[in-house]
Amino acid sequence: MAEDLKIRVNEQESTVAADRDTPLLYVLSNELGLQGPRFGCGLAQCGSCSVLLDGVEIRSCITPVATAEGRSVTTLEGLPALYARQRNLAKAPALHPLQRAMIDEQAPQCGYCYNGMIIKGSELLSQNPQPSEREIREAMNGHLCRCGSYPRIMKSIQLASRIMAEERR
Amino acid sequence: MMTSAQPALSRRDFLKGGALIVGFNIAGPLTSTMLGSLAAPAAAATPDPELLDSWIAVHADNTATVFMGKVELGQGTTTGMLQIAAEELDLAMSQVSAARVDTNVTPNQGPAVASLSIMDNGPQLRAAAAETRQALLRLAAVRLNAPADRLTVKDGVVTVEGDPGRAVLYGDLIGDRQFNVKMTGKAPQKPVSQYRLVTTRVPRVDIPDKVSGKYVYMQHLRVPGMLHGRVVRPRGQGAYGDGARVVSIDASSISDIAGARVMRRGDLVGVVADREWDAVRAAEKLKVTWDVPPRLPAGRLFEAMRASRTIDSVIVDAGDVPAALGTAAHIASATYYGPYQSHAPFAPSCALADVGAGSALVMCSTQFPHGVRNMLAQTLGLAADQVQVRYYEGAGVFGRACHDDCAIAAAVLSQAVGRPVRVQFMRWDELGWDNYGPAHLADVRGGVDAAGNIVAFEYEGWHHGWNTAETSQELALGGPVQPPVSGRARLVNKETLSAVYSMPNVRLINHHVPGLDGYLKGGNLRSPLDLSISFASEQTIDELAHAVQMDPVAFRRRNITDPRWLGVLDAVAQAAGWESRVAHASPSAARVVTGRGIALGTHIVSYGSAVADIEVDRESGEIRVKHLYGALDAGLAANPALVENQIEGMLIQATSRALIEEVQFTRTNVTSLDWKTYPVLRFADYPRVTPIVVQRLDERSTGAGEEVMGAAVGAIANAFFDATGARVREYPMTPDRVRRALKA
Numbered sequence: 001m002a003e004d005l006k007i008r009v010n011e012q013e014s015t016v017a018a019d020r021d022t023p024l025l026y027v028l029s030n031e032l033g034l035q036g037p038r039f040g041c042g043l044a045q046c047g048s049c050s051v052l053l054d055g056v057e058i059r060s061c062i063t064p065v066a067t068a069e070g071r072s073v074t075t076l077e078g079l080p081a082l083y084a085r086q087r088n089l090a091k092a093p094a095l096h097p098l099q100r101a102m103i104d105e106q107a108p109q110c111g112y113c114y115n116g117m118i119i120k121g122s123e124l125l126s127q128n129p130q131p132s133e134r135e136i137r138e139a140m141n142g143h144l145c146r147c148g149s150y151p152r153i154m155k156s157i158q159l160a161s162r163i164m165a166e167e168r169r
Numbered sequence: 001m002m003t004s005a006q007p008a009l010s011r012r013d014f015l016k017g018g019a020l021i022v023g024f025n026i027a028g029p030l031t032s033t034m035l036g037s038l039a040a041p042a043a044a045a046t047p048d049p050e051l052l053d054s055w056i057a058v059h060a061d062n063t064a065t066v067f068m069g070k071v072e073l074g075q076g077t078t079t080g081m082l083q084i085a086a087e088e089l090d091l092a093m094s095q096v097s098a099a100r101v102d103t104n105v106t107p108n109q110g111p112a113v114a115s116l117s118i119m120d121n122g123p124q125l126r127a128a129a130a131e132t133r134q135a136l137l138r139l140a141a142v143r144l145n146a147p148a149d150r151l152t153v154k155d156g157v158v159t160v161e162g163d164p165g166r167a168v169l170y171g172d173l174i175g176d177r178q179f180n181v182k183m184t185g186k187a188p189q190k191p192v193s194q195y196r197l198v199t200t201r202v203p204r205v206d207i208p209d210k211v212s213g214k215y216v217y218m219q220h221l222r223v224p225g226m227l228h229g230r231v232v233r234p235r236g237q238g239a240y241g242d243g244a245r246v247v248s249i250d251a252s253s254i255s256d257i258a259g260a261r262v263m264r265r266g267d268l269v270g271v272v273a274d275r276e277w278d279a280v281r282a283a284e285k286l287k288v289t290w291d292v293p294p295r296l297p298a299g300r301l302f303e304a305m306r307a308s309r310t311i312d313s314v315i316v317d318a319g320d321v322p323a324a325l326g327t328a329a330h331i332a333s334a335t336y337y338g339p340y341q342s343h344a345p346f347a348p349s350c351a352l353a354d355v356g357a358g359s360a361l362v363m364c365s366t367q368f369p370h371g372v373r374n375m376l377a378q379t380l381g382l383a384a385d386q387v388q389v390r391y392y393e394g395a396g397v398f399g400r401a402c403h404d405d406c407a408i409a410a411a412v413l414s415q416a417v418g419r420p421v422r423v424q425f426m427r428w429d430e431l432g433w434d435n436y437g438p439a440h441l442a443d444v445r446g447g448v449d450a451a452g453n454i455v456a457f458e459y460e461g462w463h464h465g466w467n468t469a470e471t472s473q474e475l476a477l478g479g480p481v482q483p484p485v486s487g488r489a490r491l492v493n494k495e496t497l498s499a500v501y502s503m504p505n506v507r508l509i510n511h512h513v514p515g516l517d518g519y520l521k522g523g524n525l526r527s528p529l530d531l532s533i534s535f536a537s538e539q540t541i542d543e544l545a546h547a548v549q550m551d552p553v554a555f556r557r558r559n560i561t562d563p564r565w566l567g568v569l570d571a572v573a574q575a576a577g578w579e580s581r582v583a584h585a586s587p588s589a590a591r592v593v594t595g596r597g598i599a600l601g602t603h604i605v606s607y608g609s610a611v612a613d614i615e616v617d618r619e620s621g622e623i624r625v626k627h628l629y630g631a632l633d634a635g636l637a638a639n640p641a642l643v644e645n646q647i648e649g650m651l652i653q654a655t656s657r658a659l660i661e662e663v664q665f666t667r668t669n670v671t672s673l674d675w676k677t678y679p680v681l682r683f684a685d686y687p688r689v690t691p692i693v694v695q696r697l698d699e700r701s702t703g704a705g706e707e708v709m710g711a712a713v714g715a716i717a718n719a720f721f722d723a724t725g726a727r728v729r730e731y732p733m734t735p736d737r738v739r740r741a742l743k744a
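So the protein lines, in turn, are chains A and B. If you count by the working numbering, then the first sequence holds residues 1 to 169, one letter each, in order. If you count by the working numbering, then the second sequence holds residues 1 to 744, one letter each, in order.
Hints listed in this document are in silico derivations from the structure and should not be mistaken for laboratory results. Treat the hints with caution; some may be incorrect.
[Said to hold, decoys possible] Below, computed lysine-lysine pairings styled on DSSO-like, alpha-carbon distance capped at 30 Å:
id	chain 1	residue 1	chain 2	residue 2
1	B	K676	B	K626
2	B	K214	B	K186
3	A	K91	B	K154
4	B	K287	A	K155
5	A	K91	A	K6
6	B	K743	A	K155
7	B	K186	A	K155
8	B	K287	B	K214
9	B	K190	A	K6
10	A	K6	B	K287
11	B	K626	B	K287
[Claimed, not checked] Per the computed footprint, the stretches of chain B lying under chain A, defined by three or more beta-carbons under 8 Å from a beta-carbon of chain A, are:
id	region
12	200-214
13	640-649
[As the list claims (entries may be wrong)] Residues from chain B that keep clear of chain A, each with C-beta distances beyond 12 Å, as calculated:
id	residue
14	E72
15	G74
16	G76
17	A92
18	R309
19	H330
20	S365
21	D443
22	A499
23	V592
24	K676
25	R682
26	A684
27	P687
28	P691
29	R700
The model shown is predicted, which means the values in this text are computed figures rather than measured ones. Ideal Cβ positions, reconstructed from N, Cα and C, are used throughout, including at glycine.
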C-alpha cells in the first residue's frame with residue numbers, strides 16, 4: 001500500500017507517495033523527476049542508478065525507499081552543492097571538479113553510465129583525495145562502461161584530484 | 001487520461017519555433033521533456049531530400065539548424081556532421097545546431113550502421129551546405145549590389161571584398177524563411193586546403209550535458225497520462241522461429257498488485273500500470289505457461305553448423321589454391337571458432353509510444369527511424385505516413401540490439417490500452433532476447449614459400465544470417481517468421497580476407513547456415529564477422545611467418561603492396577616501438593609470461609591495425625591485456641579526436657569480446673541474462689590504449705567505428721602465441737580454453 005514518506009533529496013524535503021519497498025530509483029525518477037540516477041540492470045550489478053546516501057554510494061535500484069527515510073540522498077544533480085558544503089565554499093560551483101575533468105578529457109561516448117561513474121568517483125575523491133591508479137581501479141570496479149571509456153574515466157579522476165588539490169590551496 | 005490530442009509536429013512547426021521539439025542541446029529539467037499527448041491524425045510527410053530547406057534552416061539570429069537523418073549513438077556523429085555543415089556554410093561551430101532526428105522533421109539518410117554516417121552522409125550534408133551558401137550569396141549579391149564572386153563570408157557575415165563596410169548577415173538575408181529551391185548538386189565546395197573546421201579537434205557538442213545530468217536520454221522521457229509497461233517473455237529466447245508461444249496466462253497471479261493489467265496481442269504479452277514499480281513487479285510475478293521446444297544445439301553448436309544444410313557460395317576463387325598448397329614450403333591449417341556475442345547495451349532499451357486511431361508517435365532509440373517506422377506501421381495496421389518516429393539517444397548499442405523490438409512493444413501496448421505507454425526492457429529481456437552477433441566456424445589453410453611469400457590462402461566460413469523482423473512484431477502478428485538473410489557484411493568477405501595481402505591463389509567460401517534450423521536470433525553487432533575472421537586469418541598469417549622464421553611485421557610488409565595497408569602496419573609498429581624478431585623465439589619458464597602480437601583488419605572499408613602486449617598466467621590460464629595500440633586509416637578524418645575516442649573504445653570492447661564475452665544457452669533457452677551470466681570487461685582489467693589516426697587528406701572519409709576491432713582480437717591471439725608458443729583457436733580466450741591450449 002502506498003503511504004506518504006518523507007525523504008530528503010539534494011537538501012530538499014519531499015513527501016512522496018509510494019510503497020515502502022519501492023526501490024528508491026523509481027521514486028527519484030518518477031516522483032521527483034531526477035535524471036541523474038537511471039535504470040541499468042535493477043540488480044545492483046552495473047552502477048547506473050548510484051546515488052549517495054549520507055555521502056556513501058548505494059544502488060538505488062535495489063534500495064527500498066523506506067531506507068532513505070530520515071537520511072540524506074544526493075543525486076548527480078546535487079553533487080556540486082554537496083561538494084561546496086564539504087569544502088565550505090560560499091557558493092556551489094556549476095559542476096563538481098570530476099564533471100569538469102570529464103569535459104576536459106572528452107571522456108564519455110554514450111555517457112549513460114556517467115551518472116554512476118561521477119557519483120562513485122566523487123565518493124572516492126572525498127575519501128581519498130589522491131588515489132593511486134590501483135585504488136581507482138578497485139574503487140570503480142563495480143561500475144561498468146560498455147563504450148570502453150575506462151581509460152578516460154581514469155584520466156578524469158586523476159585530473160579532478162589535481163583540480164581539487166589546487167582548489168584546496 | 002489525455003484525450004486532447006495535439007497536432008503532430010511538422011517541420012513547418014519547427015521552423016516557426018514549434019514548442020514541442022526539444023533541440024539537440026536544449027535539455028532542461030524533466031518538465032521540458034514532459035511532452036503533451038502527441039498522437040494526431042494527418043502526420044506530416046518526411047522532408048524531401050531534393051529540397052534545400054529539408055537540410056538547413058538559417059535563422060534571423062544568424063544561426064543555422066541542420067537537419068540530419070543520422071542519429072547520435074555516442075560516437076560523435078552530430079559533432080562531425082555539424083563541423084562539415086559549418087565548414088561549407090562559413091559559420092562558426094557556435095552558430096550551428098542539429099535538429100532532433102524525427103521522421104517528420106529530418107530527411108531519411110538510412111540507418112546509422114556500418115560506420116557509414118560520415119562516409120555516406122557527410123558528402124550529402126556538405127553538398128546541401130554548399131548549396132545553402134550559394135543561395136545566400138545570390139541574395140547577398142542583390143542586397144549589396146555586388147557580383148557574387150566578390151563576396152566573402154566569415155561566421156555568417158557577408159562582406160564585399162576590398163570594401164568591408166558593405167556587409168550583411170545571413171540571418172538578415174533569409175531569417176527563418178524558406179529558400180524554396182531544389183538541390184542542384186552543383187554548388188562549388190571548398191577544397192580541403194581551405195578547411196578551417198573539418199580535420200580539427202572540435203570538442204563534442206553533447207558532452208557537457210552528458211556529464212551535468214541535463215542530457216535527455218530516452219529513458220528519461222515521460223508524458224502526461226502515460227502508463228508504465230513491461231514485456232513478459234520466457235527468460236531467454238529459444239530457437240529462432242519458435243517465438244514465445246503462450247499456453248496459458250493466469251491473470252489472478254497479479255491480482256494483488258492493484259492497477260496492474262495484463263495486455264496481450266497474439267503471443268506478445270505485457271503488463272501496464274500507473275506506477276513503474278507495479279509494472280516491474282507484475283511482469284515478474286505474472287504466471288505464464290510457455291511452449292518452449294528444446295531445439296537449441298547446446299554443447300554441439302559448431303558440429304550442428306558444420307552438419308547443416310548450408311547454402312554455399314564461392315566469394316573469390318583466384319589462381320589454383322590446391323596446386324599452390326601442394327607445392328608450398330610450409331602450410332598452416334586449422335579450424336577456428338567464434339561465439340554468439342551480445343550487444344549488451346549498458347542500459348536496456350526503452351520506448352514511449354502514443355498510438356491513436358489513425359496515427360502514432362513513437363519515441364525510441366532506433367538506429368534507423370525510417371526503417372522502424374515501416375515495421376511499426378505494419379504491426380499497428382497504419383500507413384507509414386501515419387507513424388511518426390522521434391529519436392532519443394539511449395545507452396550505446398553497437399548494432400541492432402532490442403531498441404526497435406522495444407519500440408514495437410510500446411506501440412502495441414499503447415494501441416491496446418488507448419493511452420501512451422512507456423516500455424523499458426528489464427536486463428534479462430535485453431540480454432535474453434537480443435539479436436546476437438552470430439557464431440562463426442572457419443577452416444583456414446595458408447601456404448608460404450621458402451622465401452616468405454604467401455602462395456595460397458583458403459578460407460571456408462560457416463554462420464547464419466540476420467533476422468529481418470523484430471521479436472515483438474513476430475509475436476504480435478503471428479504467422480511464419482522469415483528466414484535470416486545473408487548479405488555483404490554477413491559473408492566471408494573479400495575485403496577483410498583477400499584485400500590485405502598480395503596473394504596469387506585465394507579461395508573464399510561462404511557456407512550460409514539456415515537460421516531457422518535451431519539457432520539464436522542474429523543481428524549486426526559492431527564489426528560483424530570481422531572479429532571471427534581476423535581471429536582466424538591473422539593467426540594463420542602469423543603461423544606462416546613463424547614457419548619461415550620471420551618477424552611478423554617484416555613478413556606482413558613483404559606480402560603487402562597496398563600503400564594504405566602498409567601505412568597502418570608501419571604506423572602501429574612504430575607507435576608500439578616494435579622490435580624485429582621471430583615470435584616466441586626465447587621461451588620463458590616463468591609462471592607468468594609476456595607476449596606481443598600484431599594483426600590487421602577492417603570492416604569492408606578503412607584500414608585497421610593493432611599491436612597487443614599481454615601477460616599469460618600459465619597456471620590459472622588468465623590472460624591480462626596490458627597495452628593495446630590501434631591505428632586506423634579512415635581517409636580524411638573529419639575530427640581526429642572523435643576517431644581517437646572510437647579507436648580507444650574499439651580496443652577496450654575488443655578486449656572484452658576476445659577474452660570474456662560468450663552467450664550461453666541450454667537446449668531450450670539462453671541463460672546469459674545479467675552481468676554475472678554475461679560478464680564484460682571491468683574497470684580493474686582494462687588495458688592501456690594508444691590510438692593512432694592515420695590522416696589522409698586526399699582520400700574520402702570512410703568508416704571509423706568498427707575497423708580496429710578485428711585487428712585487436714587478432715593481435716591478442718598472436719601475442720598469446722608469442723608468450724606461450726601455443727595457439728588458442730576458439731574465443732573468447734577464457735582461462736579454461738587457455739589451460740587446454742597449453743596442455744595440448
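Do the hints match the structure? See the list:
In summary, the hint linking K676 of chain B to K626 of chain B is supported, as the alpha carbons are separated by about 24 Å, within the 30 Å threshold. This hinted pair does not check out: K214 of chain B and K186 of chain B have alpha carbons roughly 41 Å apart, beyond 30 Å. As the CA atoms of K91 of chain A and K154 of chain B are separated by approximately 39 Å, the hinted pair breaks the 30 Å bound. Between K287 of chain B and K155 of chain A the CA atoms are separated by roughly 48 Å; this puts the pair beyond 30 Å, and the hint is violated.
With a CA separation close to 27 Å, the supplied pair K91 of chain A and K6 of chain A stays within the 30 Å bound. Between K743 of chain B and K155 of chain A the CA atoms are separated by roughly 40 Å; this puts the pair beyond 30 Å, and the hint is violated. Distance check on the hinted pair: K186 of chain B and K155 of chain A sit about 46 Å apart at the alpha-carbon level, beyond 30 Å; violated. Proximity of K287 of chain B to K214 of chain B is assessed by CA-CA distance (about 39 Å); at most 30 Å being required, the pair is judged violated.
This hinted pair does not check out: K190 of chain B and K6 of chain A have alpha carbons roughly 62 Å apart, beyond 30 Å. Simply put, K6 of chain A and K287 of chain B have alpha-carbon atoms about 35 Å apart, too far for the 30 Å limit, and the pair is violated. Distance check on the hinted pair: K626 of chain B and K287 of chain B sit about 48 Å apart at the alpha-carbon level, beyond 30 Å; violated. Residues of the region 200-214 of chain B with a Cβ under 8 Å from some Cβ of chain A number 10, which satisfies the need for three, so the listed coverage holds.
Beta-carbon proximity to chain A at under 8 Å applies to 4 residues in the region 640-649 of chain B; the threshold of 3 is reached and the given coverage holds. With a least beta-carbon separation of about 9 Å from chain A, E72 of chain B fails to lie farther than 12 Å from that chain, contradicting its non-interface assignment. Remark: the non-interface label on G74 of chain B conflicts with the geometry, its nearest Cβ contact in chain A lying 3 Å away (cut-off 12 Å). Residue placement check: G76 of chain B does not keep its beta carbon more than 12 Å from all beta carbons of chain A (closest about 8 Å).
At the 12 Å boundary, the C-beta of A92 of chain B stays outside the reach of chain A, the nearest C-beta of that chain being 19 Å off. With a least beta-carbon separation of about 36 Å from chain A, R309 of chain B lies farther than 12 Å from that chain, consistent with its non-interface assignment. A cut-off of 12 Å between C-beta atoms confirms that H330 of chain B is not in contact with chain A; the least separation is 37 Å. A cut-off of 12 Å between C-beta atoms contradicts the statement that S365 of chain B is not in contact with chain A; the least separation is 10 Å.
For D443 of chain B, the requirement that its beta carbon stay farther than 12 Å from each beta carbon of chain A is met, with the minimum near 32 Å. For A499 of chain B, the requirement that its beta carbon stay farther than 12 Å from each beta carbon of chain A is met, with the minimum near 27 Å. For V592 of chain B, the requirement that its beta carbon stay farther than 12 Å from each beta carbon of chain A is met, with the minimum near 18 Å. At roughly 7 Å from the closest C-beta of chain A, the C-beta of K676 of chain B falls inside 12 Å, breaking its exclusion from the interface.
Remark: the non-interface label on R682 of chain B conflicts with the geometry, its nearest Cβ contact in chain A lying 5 Å away (cut-off 12 Å). The Cβ of A684 of chain B sits about 4 Å from the closest Cβ of chain A, inside the 12 Å cut-off, so the non-interface label is violated. A Cβ of chain A approaches the Cβ of P687 of chain B within 12 Å, the least distance being about 8 Å, so the stated non-interface status is violated. Taking the minimum C-beta to C-beta distance to chain A, about 10 Å, the non-interface status of P691 of chain B is violated against the 12 Å cut.
With a minimum CB-CB distance of about 24 Å to chain A, R700 of chain B clears the 12 Å threshold, and the non-interface call stands.
Violated hints, in rising order: 2, 3, 4, 6, 7, 8, 9, 10, 11, 14, 15, 16, 20, 24, 25, 26, 27 and 28; the structure is consistent with all others.
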